[in-house]
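Asks: Okay, here's what each chain looks like letter by letter:
Protein chains: 6
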Amino acid sequence: MSVRSRRGPRFADEITSKDFAELKKDKLLAILPVGSLEEHGEHLPLGTDAMQAEEVVRRIASRFESIVLPPLRYGECRTARGFPGTVSLSFETVQSFSFDVISELARNGVFNVLVLTGHAGSGHMAALRLGAQRAVEQNQKLKVMVLSDYDIAYDLRGKEFSENDGHGGDIETSRILNIRPKLVKRSRPKGSWDIPEFMVLPHPEKYIPAGIAGDTSKASPEKGKRIDDYVVDRLCKLISKNFGIRRV
Amino acid sequence: MSVRSRRGPRFADEITSKDFAELKKDKLLAILPVGSLEEHGEHLPLGTDAMQAEEVVRRIASRFESIVLPPLRYGECRTARGFPGTVSLSFETVQSFSFDVISELARNGVFNVLVLTGHAGSGHMAALRLGAQRAVEQNQKLKVMVLSDYDIAYDLRGKEFSENDGHGGDIETSRILNIRPKLVKRSRPKGSWDIPEFMVLPHPEKYIPAGIAGDTSKASPEKGKRIDDYVVDRLCKLISKNFGIRRV
Amino acid sequence: MSVRSRRGPRFADEITSKDFAELKKDKLLAILPVGSLEEHGEHLPLGTDAMQAEEVVRRIASRFESIVLPPLRYGECRTARGFPGTVSLSFETVQSFSFDVISELARNGVFNVLVLTGHAGSGHMAALRLGAQRAVEQNQKLKVMVLSDYDIAYDLRGKEFSENDGHGGDIETSRILNIRPKLVKRSRPKGSWDIPEFMVLPHPEKYIPAGIAGDTSKASPEKGKRIDDYVVDRLCKLISKNFGIRRV
Amino acid sequence: MSVRSRRGPRFADEITSKDFAELKKDKLLAILPVGSLEEHGEHLPLGTDAMQAEEVVRRIASRFESIVLPPLRYGECRTARGFPGTVSLSFETVQSFSFDVISELARNGVFNVLVLTGHAGSGHMAALRLGAQRAVEQNQKLKVMVLSDYDIAYDLRGKEFSENDGHGGDIETSRILNIRPKLVKRSRPKGSWDIPEFMVLPHPEKYIPAGIAGDTSKASPEKGKRIDDYVVDRLCKLISKNFGIRRV
Amino acid sequence: MSVRSRRGPRFADEITSKDFAELKKDKLLAILPVGSLEEHGEHLPLGTDAMQAEEVVRRIASRFESIVLPPLRYGECRTARGFPGTVSLSFETVQSFSFDVISELARNGVFNVLVLTGHAGSGHMAALRLGAQRAVEQNQKLKVMVLSDYDIAYDLRGKEFSENDGHGGDIETSRILNIRPKLVKRSRPKGSWDIPEFMVLPHPEKYIPAGIAGDTSKASPEKGKRIDDYVVDRLCKLISKNFGIRRV
Amino acid sequence: MSVRSRRGPRFADEITSKDFAELKKDKLLAILPVGSLEEHGEHLPLGTDAMQAEEVVRRIASRFESIVLPPLRYGECRTARGFPGTVSLSFETVQSFSFDVISELARNGVFNVLVLTGHAGSGHMAALRLGAQRAVEQNQKLKVMVLSDYDIAYDLRGKEFSENDGHGGDIETSRILNIRPKLVKRSRPKGSWDIPEFMVLPHPEKYIPAGIAGDTSKASPEKGKRIDDYVVDRLCKLISKNFGIRRV
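Taken in order, these protein sequences are the chains called L, U, F, Y, C and S.
My numbering puts the first residue of the first sequence at 1348, with every later residue one more than the last.
My numbering puts the first residue of the second sequence at 1348, with every later residue one more than the last.
My numbering puts the first residue of the third sequence at 1348, with every later residue one more than the last.
My numbering puts the first residue of the fourth sequence at 1348, with every later residue one more than the last.
My numbering puts the first residue of the fifth sequence at 1348, with every later residue one more than the last.
My numbering puts the first residue of the sixth sequence at 1348, with every later residue one more than the last.
Bear in mind the hints are in silico, worked out from the structure with no lab data behind them.
Remember, predicted model here, so these are calculated numbers, not experimental data.
You may find that some hints are simply not true.
Any copy will do: because identical chains look the same in the list, a pair fits if it lies in one copy or spans two.
Below are the BS3-like pairs computed for lysine-lysine, each with C-alpha atoms no more than 30 Å apart in a straight line [as the list claims (entries may be wrong)]:
1) K1553 x K1488
2) K1371 x K1506
3) K1506 x K1490
4) K1488 x K1365
5) K1365 x K1490
6) K1537 x K1565
7) K1490 x K1584
8) K1572 x K1371
9) K1488 x K1588
10) K1372 x K1565
11) K1570 x K1372
12) K1488 x K1565
13) K1529 x K1588
14) K1365 x K1529
15) K1584 x K1488
16) K1537 x K1588
17) K1371 x K1565
18) K1371 x K1588
With the rest of the complex left out, here is chain L (with noise of 0.2 Å):
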C-alpha cells in the first residue's frame, strides 16, 4: 500500500486482509454510511437516504486518511414505516448492528469511528449511539462521531430554505436531483407534517397524508450541490476537531 497513489476513497471491502494489516491506524477515520429503505414522497426513492451519506462519505473520504465501510442501506423507521416499500429494522438491530461494527474495529485496532447517518428518525440515532456508547464502554480508546448529514443540512432552514422543510422536502429533494437526477420523478409535491408534538400514536403516517414536509416545487440540482457542498465542509471541520486528525 506505501507507494498507491489513491485518489478516490478506500473502500473496506476492496482491499485485502494484507492491506488492511499495513494500514496505519493511529490516525485513520473508519467511516460507516447507514442509511434506510423508507418512502419519501411519491418523487423520491425509497434509498434516498443512503444515498445522501454515501455521496457525503465518498466526498470526504479522500480528504483524510481513511477507510469507507460497507454502508447500512437500512435503518429503524417509524413515522413513515405505514407507506408501502418502508422495510424498517428494529432498534434492536440497528444497536446491535452499531455495536458490532464499531466493536470490530476496535478489535482490529481502530478506534476512529465516524457514523453517517442519512436517515435521522430519532430512534434510529439513539439506536446507532447506544450501540457506540456500549462498545466505547467495552474499549475506552474508541472515539465515535454519531450523526446525520441532516444534522448539518438542516442549519440552513430559515435561511436559503423553508423552516417547516423536512423528509422528503426541497432539500432532500435537492440533493437527490444533484446525485442521482434520473430516480427523481416529474411530479414536485408539496406536505405539511401535522404529527401532534411529543405523541407516540399507532399510525404517524396519517398526519403526513404527502408523506413529505415541505414544497418541492422549487428544488434544483444546483440547491442540491451546494447543500451538499456546505454538509461535507462543515463535516470536514468538525471530522479535524474532534478527532484531531489533519486532511490529507
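Got chain L; can you put chains U, F, Y, C and S on it based on the hints?
Replies: Okay, now just chains U, F, Y, C and S, sitting in the frame of chain L:
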C-alpha cells in the same frame, strides 16, 4: 410502472413508494444479497463474498418478476475472524436483520423471499435461517429460500475443481477475477484447511495459515464465468420450482 | 368517587382498586413523572430532575381528569454518569419500565398517557419513547405523550435565559430554588458544556468540569416560578390539543 | 457533611454530588425501598406495599450511617394482577432495576445495600434477588440484603394474628391505619385465599374473591404500631449482624 | 394403545408419535422431573436431587393417566455452586426450558402439567414458575403445578426430623439410601447452614463448611422409604385436588 | 478414587463432589449426550435420538478418562415439529444450555468437552455450537467438540445404506432395533423426504408424509450393531486426535 420496459434488475432503493405500491405482489420475488467483510487470502478483497452474491443476484433478478433489496455486506464470521480486517456481526445481529427484513416484506404484502449469501459460514447460515424461521412462524404466507451460492458452486468440486477447494481458493478466485479483476492481487497463494473436524476452538485461524483453502495458481476469469453461469442457471431452476414462478 | 369534591391531584397509589374501577376511563389522563438520580453541580441535589417533573405534574394534574402514577426517580444517565452519586439505569431498564407501565394502563382501560420526565438525556428520552412505541404497537387505542419539561423550558433560552444555559444552570437552579429552596447550597457555580459535538466518548464528564452548563449567579426563586408557570401553561395547552380533553 | 447534626434519614436525592463524594463509604448502608401498585382489597390503597416499606425505611435509616435511595413504588404482581388498578412490572424489569441500582452503588464505592420491599410476591422477590445476585457476581465486594418486611411481620402470625392472615388482611390493614389512616376506607372486609397450592393458573384472582386474605374487622392503628415496632427492631438487629455495622 | 394393560409409568420418549396422538388428552397429566448437578456433601452423589424427583415421579405416574417427560437433571444452583462438581444452569436457561416444554405440551393438546423438582433453590423454583407463568399467559387452558418434593418432605421437619435438617441432611441421605444405596459413601457428615439470613453474597458456600445442613448419622433406608411414601401419598392427593383427575 | 478399578462409564451424577475434586482434570474428557423428543415415524419412539447418543456415549466413555454428564433429552426441532408428540426447545434454550454446561465445566477446571447429539437438525446443531463458541470466547483453555453421531453414521450412506436414508429410516431403525428392540413397532414404513431444497416453510412436515426418510423394511439389529461399531470406532479416533488424549 405499467408501461415501463425494464431490462436490468429492479432495485428496491431506486423506486418510489408509489412504484412499490403498484407492484403485483403475488408472483413477485424479493431478493436479499448478503455477504461478509472477511479476510480472503492475500490476493482477494475483504468484500469477496458480497461481490459474488450481488453479481449472481444481478443476473437472476432480471429473469423473474423481482425486486432486489439493498445488500447486507457483513456476516457472522468465525473461522477467519482472527485475521486482520474481518469485521464480523454477532449471530443475533444477523438473525434479527434477517427476521426484520423478511417480516417487513410480509407486512408489505411480499411473501416470496430469496436470501442469497456469498458467505457460507455455518453460524452465519444458521442465523439467516433462524431469522427466516421466526418470520415464517409469524406470517404463514411466507415462503423463504435461504442459501449460499456456494451451496451450488461446490457441486463443481471433484469435477472441474479440487475436492479441497474452499475459502479464497480456486473457485472463489476465479469468480472475483471474472467480476472484479482489478481487485485481485497478483499473488496466487495455495493453502490448506486443517481445522480439527467438529472442533470449536478459540483460534481456528491458526489452522489455515495462508487464510485460504485451495490452490489458486490456475484460477482464471474464464473459469469464474463458467462457475457463475452454472450457479445462475441452477439457481433459476430452483427458484422456478420452489416458488412456482416463471421466468419473464 | 362520584360525589367527591377533589382539589389536589389524584395519586394512583392513594386510591383503592374499587376507586380505580369506578373512574371514567375514556377521558382520563394517566401521568407518569420520571426523573433521575444524577449529579447536578455542587449546589443542586441529585434528585433535581424528579423534583421538577413532580412539581409540574402536581400542578397540571388537578386541571384535567387525571391520575398521577408513582414517579420513577431514576433515569438513564450518560454525560454526568462519571460524577459521584449518579445512579443510572440502563437503556433497557428505562425502556421496559416505560413499556410495562403503559401496557398495564392499557390493560386497565386507560389509553391516554403522559410521560413527563425532568431528565432529558437523549438516550433516556429514546428509551421512554421506545417503551411507549412498543406498547402502542400492541394496543392501538393508546395515545402516549412523552416529553421532558425541558422540551418546553428551553423555549426560554435566548430570551430571559442564556442560549448556553443547560444542565444545572440558571433555569434549573431557579426552579429548584422555587420548589425545594432548602436543598440548594449557597454556592452559585458557573460552568460550560464543551463536549465535542456528536461524539460518543468514554468520559464525557471531563468536558464539563463544573458539572453544569450555565451561570447560576442570577438564579432566583422568582425566575423559577415564572419558568414553571410557563411550562405548566404550555403543557396544559399541549395536553388539551393532543388528547382532545378539556380542563376540569 | 462532617459537622452536620442529622436527625432524620439522609435521602440520596436530597444531597449533592459533592455531599455524596464526602460520605464515608466503608460502613455506609444504602437502602432501597420497593413496593407495588396493586389491589389491596376494597379498603386499602393501591400503594399499600410501598407505604409500609418506606415507613420502615424511614425509621431504620436514622439508626445507621445510611443513605436512602428513591423508592421504586412498583413491583411484579401475579396473584392480584387481575384486579382493577394493578400496574405490574415484568420480572425482567424488576430484575434489571435491582441489578442497575446495586451495580451503580458499587461503582460509586457503596458496597452495603439493603433492598426492603413491602410487596412479597415470590416472583417479585426472586427478581430483586436475581438482580442482586448478578451484581454481586460482577463486584464481589458487594453485600446485599434482600427481604420483604413481611418476612419479619409474618413472625407474628399464629401469635397476635391469625395463621391465615395475608394480603390486605389484619396485619396490613393495621399498619396502614397507623401510618396513612386517611387512606383507609371504612369497610373492614374479610376474605380467604383459596388458590390451589403450587398451581400456576391463568386467573389466580378468582380464588381470592374479596381480594384479601384475613379478617380486617379488628385491625387498629395500635396493632399497626406494634407490628412496625417489631419489624423495625428485628430488622435493625439483622442489619447489625449481617453487615457488621453499629447503630449511630 | 387402547387395549394396553400398562403397569409402570408411561415414558414419553418410549412411545411413538402415533401412540402420542392416540392418547386421550383431556385428563392426561404430563409430568416433568427436574433435578440438579450439585454438591451434596462428601457422601451423596451430585445427581441426588434428580434421583429423588425421578423416584417420586415413577411412583406417582402409574397412579394417574399420565405421561412422564424426559428429566432435566440440571438446575440453577447458587448456594452450593462454589463446591467442586456443581454444574449450574442460568436462571434464564431454566426459565426458558420450563416455558418451552410446557408450551409445546399445550401445542400438543396436553394442558395438565406437573413440574416436580428435587432441587429446591429459590431462584431455581422461581425460574421454573416464571417459565410456567409465561406459558399459561399464552395458553389459558393450561394448568401447571410446580413444586419441589421438599415442599412436602419438609413437613416432616420438627417431627421425625430436625428443624434444621436441609441440603444433604438426614432426610436427603435417608432417601438416597433407600433408592440408590450403592451411591452413598460410608461417611455420615454433620453440618450446619449458617448463611446470614436474607443475604446475597459472593460466596455463600463459605457458610456451609461441610456442604450440608443436618446430622446424617442416623439416616437409614427405612426412614427414606417412609419419607418417600409420605411425599407420594401427599402429592397424589394434591394432584387429584388441583387437576380434578382421579387415580387409575 | 485413585485405586478404583472402573469398568463402565463414570457418570457425573453418580459421584460425589469430593470424587469430582479428586479427578485429574488435564486429560479428562467431559461428555454431554443430547437428543430430542421428536416424531420418528410410526415405528420408532419419540426418544430415538437420545437413545442412540447415550448408547454411543456409554461405549466410548470407558475408553477414555472421562466423565459422562446427565443427558439433555430434548432438542430444537423444526422439520418434524408439526407431528404429534414433538416437544421442541427454542434455539435460545439449546444455545444457553450448551453455554451454561460448558462454561460451568471450565469453571470446574474441565476444558475438554465432547457434545454428542443424536438429533442432527441444522438449527439444533448451530445452537449447540453457538453455545460452545461463546463459552470458548470466554475461556480460551476450552476445546469443545460438537457433533451428531449422524455426522459419522451417514458415511455409510451410498455404501451399505441408501443415499436417501435419513430421519427414521433404515439406519436409525436398525440402531434402535439393536439397542432398544422392544420399543420398535412391527410396522416397517417407507417414506421420502421431499422438502423443497433450501426452503424455510411454515409446514415442512407436509413434505414428509410418512414422517420418515428411507425404506425400513430391511432394518435389522445386526445392521444397527455394525453402524454403532463404526460410529464408536471412528469417534474414538477423532477424540484421540482432536484432544490429544489416549485411550485407557
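Asks: Could you figure out if K1372 and K1565 sit no more than 30 Å apart (CA to CA) within one copy, between two copies, both or neither?
Replies: Cα proximity of K1372 and K1565: none, with 45 Å in one copy and 35 Å across.
Asks: Which holds for K1572 with K1371 at a C-alpha limit of 30 Å: within a copy, between copies, both or neither?
Replies: This pair counts as neither: shortest intra-copy Cα distance 33 Å, inter-copy 36 Å.
Asks: Quick one: K1488 to K1365, C-alpha cut-off 30 Å, is that within a copy, between copies, both, or neither?
Replies: both (23 Å within a copy, 28 Å between copies)
Asks: Check K1529 against K1588 for me: Cα-Cα at most 30 Å, and say if that holds within a copy, between copies, both or neither.
Replies: neither (37 Å within a copy, 36 Å between copies)
Asks: With identical chains treated as interchangeable, where does the CA-CA distance between K1365 and K1490 reach 30 Å or less: within a copy, between copies, both, or neither?
Replies: both (25 Å within a copy, 29 Å between copies)
Asks: At most 30 Å between alpha carbons: which applies to K1537 and K1565, within, between, both or neither?
Replies: Only inside one copy: K1537 and K1565 sit 10 Å apart there, 47 Å across copies, limit 30 Å.
Asks: With identical chains treated as interchangeable, where does the CA-CA distance between K1488 and K1588 reach 30 Å or less: within a copy, between copies, both, or neither?
Replies: within (17 Å within a copy, 41 Å between copies)
Asks: Between copies, within a copy, both or neither: which fits K1488 and K1565 at Cα up to 30 Å?
Replies: Close neither inside one copy (46 Å) nor across copies (40 Å); limit 30 Å.
Asks: Between the shortest in-copy and the shortest cross-copy C-alpha distance, which are at most 30 Å for K1537 and K1588: within, between, both, or neither?
Replies: between (38 Å within a copy, 25 Å between copies)
Asks: From the Cα coordinates, with 30 Å as the cut-off, is the pair K1584 and K1488 best called within, between, both, or neither?
Replies: within (22 Å within a copy, 46 Å between copies)
Asks: Can you give me the call for K1490 and K1584, within, between, both or neither, at a CA distance of at most 30 Å?
Replies: within (16 Å within a copy, 42 Å between copies)
Asks: Regarding K1371 and K1506, is the shortest C-alpha distance of 30 Å or less found within a copy, between copies, in both, or in neither?
Replies: For K1371 and K1506, neither the intra-copy (41 Å) nor the inter-copy (43 Å) Cα distance is at most 30 Å.
Hints 2, 3, 8, 10, 11, 12, 13, 17 from the earlier list are contradicted by this structure; the remaining hints agree with it.
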